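Residue strings, one per chain:
There are 4 protein chains.
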Amino acid sequence: MQENLSNMIRVALIGSTGYTALEVARILLSHEKAELTIATSRSDEGKPLSEIHPSLAGRCDVALQPFDPKTIAENADVAMCCLPHGASAESVRDLALAGIRVIDFSADFRLSSVPLYEKWYGVTHPWPDRVGNVVYGMPEFFGDEIANADVVANPGCYPTSAIMPLAPLVKAGLIEADDIIVDSKSGVSGAGRSPKLGTLYCEANESIAAYAIASHRHGPEMQDLIHRIADKTVNVLFTPHLTPMDRGILSTIYARPVLQDNDTVESVSSRLMAQLRDTYRDHPFVHVVDHLPATKHVAMTNHVQMTVRVSGNEDQPGRVIIVCAIDNLSKGASGAAIQNMNVMFGIDQMTGL
Amino acid sequence: MQENLSNMIRVALIGSTGYTALEVARILLSHEKAELTIATSRSDEGKPLSEIHPSLAGRCDVALQPFDPKTIAENADVAMCCLPHGASAESVRDLALAGIRVIDFSADFRLSSVPLYEKWYGVTHPWPDRVGNVVYGMPEFFGDEIANADVVANPGCYPTSAIMPLAPLVKAGLIEADDIIVDSKSGVSGAGRSPKLGTLYCEANESIAAYAIASHRHGPEMQDLIHRIADKTVNVLFTPHLTPMDRGILSTIYARPVLQDNDTVESVSSRLMAQLRDTYRDHPFVHVVDHLPATKHVAMTNHVQMTVRVSGNEDQPGRVIIVCAIDNLSKGASGAAIQNMNVMFGIDQMTGL
Amino acid sequence: MQENLSNMIRVALIGSTGYTALEVARILLSHEKAELTIATSRSDEGKPLSEIHPSLAGRCDVALQPFDPKTIAENADVAMCCLPHGASAESVRDLALAGIRVIDFSADFRLSSVPLYEKWYGVTHPWPDRVGNVVYGMPEFFGDEIANADVVANPGCYPTSAIMPLAPLVKAGLIEADDIIVDSKSGVSGAGRSPKLGTLYCEANESIAAYAIASHRHGPEMQDLIHRIADKTVNVLFTPHLTPMDRGILSTIYARPVLQDNDTVESVSSRLMAQLRDTYRDHPFVHVVDHLPATKHVAMTNHVQMTVRVSGNEDQPGRVIIVCAIDNLSKGASGAAIQNMNVMFGIDQMTGL
Amino acid sequence: MQENLSNMIRVALIGSTGYTALEVARILLSHEKAELTIATSRSDEGKPLSEIHPSLAGRCDVALQPFDPKTIAENADVAMCCLPHGASAESVRDLALAGIRVIDFSADFRLSSVPLYEKWYGVTHPWPDRVGNVVYGMPEFFGDEIANADVVANPGCYPTSAIMPLAPLVKAGLIEADDIIVDSKSGVSGAGRSPKLGTLYCEANESIAAYAIASHRHGPEMQDLIHRIADKTVNVLFTPHLTPMDRGILSTIYARPVLQDNDTVESVSSRLMAQLRDTYRDHPFVHVVDHLPATKHVAMTNHVQMTVRVSGNEDQPGRVIIVCAIDNLSKGASGAAIQNMNVMFGIDQMTGL
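One line per chain: the protein sequences are A, B, C and D, in this order. Just so you know, the first sequence maps onto residues 341 to 693 in the numbering used here. Just so you know, the second sequence maps onto residues 341 to 693 in the numbering used here. Just so you know, the third sequence maps onto residues 341 to 693 in the numbering used here. Just so you know, the fourth sequence maps onto residues 341 to 693 in the numbering used here.
Don't read these hints as lab results, they were simulated from the structure. All values derive from a computational prediction rather than experimental measurement. Misleading hints may appear alongside valid ones.
Said to hold, decoys possible - Listed below are the simulated DSBU-like cross-link pairs for lysine-lysine, each with C-alpha atoms no more than 35 Å apart in a straight line: (1) A:LYS459 <-> C:LYS511; (2) D:LYS459 <-> B:LYS387; (3) A:LYS536 <-> C:LYS387; (4) A:LYS387 <-> C:LYS572; (5) C:LYS536 <-> A:LYS387; (6) B:LYS459 <-> B:LYS572; (7) C:LYS536 <-> A:LYS459; (8) D:LYS572 <-> B:LYS536; (9) D:LYS459 <-> B:LYS536; (10) D:LYS536 <-> B:LYS387; (11) B:LYS536 <-> D:LYS387; (12) C:LYS572 <-> C:LYS459; (13) D:LYS387 <-> B:LYS459; (14) D:LYS536 <-> B:LYS459; (15) B:LYS373 <-> C:LYS373; (16) C:LYS536 <-> A:LYS536; (17) A:LYS459 <-> A:LYS373; (18) A:LYS387 <-> A:LYS410; (19) C:LYS459 <-> A:LYS536; (20) D:LYS373 <-> A:LYS373.
Excised from the complex, chain A in its bound form (with noise of 0.2 Å):
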């Protein structure tokens, strides 16, 4: 399957042991134009990957290694850091460096100035003249820059699951940019791999919460790259749920219809879903649906359905409420690094999703 060796994009994982870094090997396992070549970690070098993630025994057969920018630069054309935020930013930069390109799953690079990210992280950035310069890894919006960059900051799970039906709406006008809600539903996957109380089966399953209410970090996040798409300040209330369930993000979303004369529930709800299917037409992945999105029509998947509902009474429209499924880890996380990766090799963005 690999024969052709020359024509793969080397890809190099940088922090192998979450699931995030498991999503992507998965991935590569049937990508036809990729391959992984380098996989590191510092708390289980020497293990084969497929020790610490046993789906892919017998199906990869990588061995960890530390990181060294220069080993990793000269065996992979790409390298896809998923170290956690504040950590990750020096990586990126030795590795950025070292000549090889970056795809960074932290939050490191995605906001637009350095007191913003050093209010919300709470660390000092280590490399922050790159801050605001770096292409947010959303190829619907951003892919001529993506197919150019050293660096791409990849996006927040939530964030995806907000910012994709909201910037449209709020970049056309559609909706009020200063009353929106994002009440998010995800997957526990979404927490990491680390062993904590709070993410044990028997916390978890069969239970859900909301956490970290008006002040998780992807709120800012969410805000930042609105105003960046949309040329429009906004204002989102942001709360995050931890749902029974292993992925997958539903965000249900509250705005305030701009009207129009003689708008009525129905023409609120036609305008709105056009400005998404118009926004989205050549976009593979998105889909704005007429049904009500689960998060298991996506799962496993890189595609995000969206829809929009509007409350009232025929003639007095209310509020708009929108509703947006993704995989959290794949269209959330590692998925859209695939994507942003083919978009930097200058290949089909589907190719191996």
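Following the hints, position chains B, C and D against chain A.
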């Protein structure tokens, strides 16, 4: 255990095959002052109740009978009517006329007016005289009326999770009444025990989805009851979600605070928490907590946990976010019914719960 | 509820942060003749128990104390010792010497001999004098001894599900003692509440796996206890499985019938069912049922459901297949402990269960 | 993506509303050499396939047609027949006679003889001439016959998990053929997509139960196929269990080793592992692993993981315990069907999988 039969409240179960009926039977197994004496079912007449619900095997020897109001009234002191909306009202009427007190699990007597009922339930009400004249079975607000009632309208599951935190805050004028969003997440048991595609394991598992956005019948029930308790017209936008768990409702509620001079995030939050604590001081099932409630914290109990958060920067309070967790089958249905029964028969409301 | 304090059994909880401790506390909340008076914890001293277990919020006001046998003996009538294997024996000894009766949840006093214990648990036993001299807390077989015991060894979860159906059949000579396979499936709570990779939600969810095949410590416990009850040496091959659910153990047990002349599938099956029914006639928690038990039928209860099938063609009976379902946290741990406590203090064994 | 239509294998889906049909459609979405051209359904004729399966929204534009063999044969190269047992044989016959190659998901052509089929399936076989004359679609054993077949009997899900580890060991004479127990645990999708009480979320969730003990139709299928492959009569006792997860089968298999002089636990284990490794050396979907497989390791893939353990003390080997994990919808149904199709059309068997 039941030697002193003359002191026991005798309970009839009307419509015995669903989850709320099982939950009533389960609670009665360890209720020291009430016992199940009759259970009816149209579809499974003659069978032991424990054949329909194998968890009762060896623990309950009641057999299913046809519905006969006279027999029921002779052999029971109270009827728990677990029939579907529409069908229930007729049976409630026949039972009440036969002289037995009734707790109705359906929505047939919850709303204040016949037009409101007929608009939302799409049927002609079979006993319109009693509509608006039946107490709503929430002892925390209507205890005295329940104590003397012949018929009690047992509250809806979603409404319980919204009315309990909202009504006291609206009544006290602490939040705006006209801009409330209730985003609720329910376990699958809320959808009943009749086989349907949407509640099959492989459809509901590993998935979350919204349904009936801005069109669910529990929205008007919330509005109607908060109005009845707080004497103010409220506007509630209600979105229910099907969540992959057996039991539980988590409602995340968004409202605007009524601000006072020099209010801060902290002062608003404290005022609302104090109001809720004050309201529920003497109500043993309701807990105003500092932590963020999870449905697991109240699963299999009649207890309620609620808390308040306020968004915004320190001296610019934004929105109020209330989180309320109940068990949909217990405080949202059968537990509340037992609590109502306890109040109706003058015993400690916590008995058996 | 607790006005008549002098009549209540006062319970101390030793090691309060795990799931079995929570289950004891939960059951005691509605136990009319016992109450929690003390709870100890090394790691969370000073905190309210309800902070460790938020489901107790507003329902239990005990604070965590350090372990002091004298204080415990003064303030409680019985100690429920929920410490890990090895660590438990020492505390049990100190408590017993301080004069308080103890129910030990660990395996430290379950086995008959010190060598057997030390072989399987790999530690030197701190109180070897009592090994083989502590009653096994299964009131269905050892009720009289339990009633008078100062220390009770609460049974293991898997052993309970195997011993209860097997011991009577082996004792009556109805199955071969030397060829028994116990294939058990347990909910994840059996693995405890300490954060570990294998019990993270995203590892255990949507997956089933065997572990510790033919090497789990509960295998020798099954053999030892069946031998003690049936007075026959048995050979049990035991395979536990981690199953994606909170609670419950289902044991599917394979054995060979001792055949009689003209035996048929039907005659063998009837004989074994009759033996089990006869054994458990007066034991209210054990139900010999015709249907195939599911763990859900006994979840959140101290009840046991078991049944027998026989393979083969009509007049050529093959193997006996026994299915037994319990709740691992209740009859497999805390429910059994409460049942033992009830027996020790001479009250109805079903009280609170 | 599909410009070069002439090179694509055109696939017809017969009976499109169930989970196996969806799984075929899903796999074909990313199969580079095959495409779905027709889908039939009696119940939903005219609707888009993506309305029945919302995960296909925007990704598949096939509409459901009535079943017409001639049209199907003109527009497809192979028919995947996902109809129920009994109903399938007739359609398979009509399709085969119309000249299209067929992969039959039902059990109608799996067994060797008409009497065996009619005994276990309770219906008169509509095309008895072909029974015993259709290749069993397990390319690991019957690859050459599959390559030339007009009709392929796609294997049952449970049998796949048992035959793959057992057949090579029986054939090599390494285990006793007359004393095999297969204790299998399956995800709920194996029970199909027709609404039934037992597969409702709230019945199957948080519960595990055995069913059809010693009477499931897949027992004789295991015996028949192992006999066909190993040329030895085997006796299999089969117990299936419904497990709370969407997908996956774990079979825990108990057998007796054929011992050699001086055998130890270790030597028996090594010999059996070596035999399995040798058998599957060139079969890329089968992995003989050292770790204990979990169903999650193979979920959403066509891969198989298996391992061997041996009970007993060092120099007294006891029983052989084999654990085998597959995805019931993939290698247990639709993945195997795609693998068979790949073999039938002479392309790499891993294509699209």
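Verification of the hints:
| no. | hint | result |
| --- | --- | --- |
| 1 | A:LYS459 <-> C:LYS511 | 71 Å, violated |
| 2 | D:LYS459 <-> B:LYS387 | 32 Å, holds |
| 3 | A:LYS536 <-> C:LYS387 | 20 Å, holds |
| 4 | A:LYS387 <-> C:LYS572 | 48 Å, violated |
| 5 | C:LYS536 <-> A:LYS387 | 20 Å, holds |
| 6 | B:LYS459 <-> B:LYS572 | 22 Å, holds |
| 7 | C:LYS536 <-> A:LYS459 | 32 Å, holds |
| 8 | D:LYS572 <-> B:LYS536 | 45 Å, violated |
| 9 | D:LYS459 <-> B:LYS536 | 32 Å, holds |
| 10 | D:LYS536 <-> B:LYS387 | 20 Å, holds |
| 11 | B:LYS536 <-> D:LYS387 | 20 Å, holds |
| 12 | C:LYS572 <-> C:LYS459 | 22 Å, holds |
| 13 | D:LYS387 <-> B:LYS459 | 32 Å, holds |
| 14 | D:LYS536 <-> B:LYS459 | 32 Å, holds |
| 15 | B:LYS373 <-> C:LYS373 | 16 Å, holds |
| 16 | C:LYS536 <-> A:LYS536 | 8 Å, holds |
| 17 | A:LYS459 <-> A:LYS373 | 40 Å, violated |
| 18 | A:LYS387 <-> A:LYS410 | 21 Å, holds |
| 19 | C:LYS459 <-> A:LYS536 | 32 Å, holds |
| 20 | D:LYS373 <-> A:LYS373 | 16 Å, holds |
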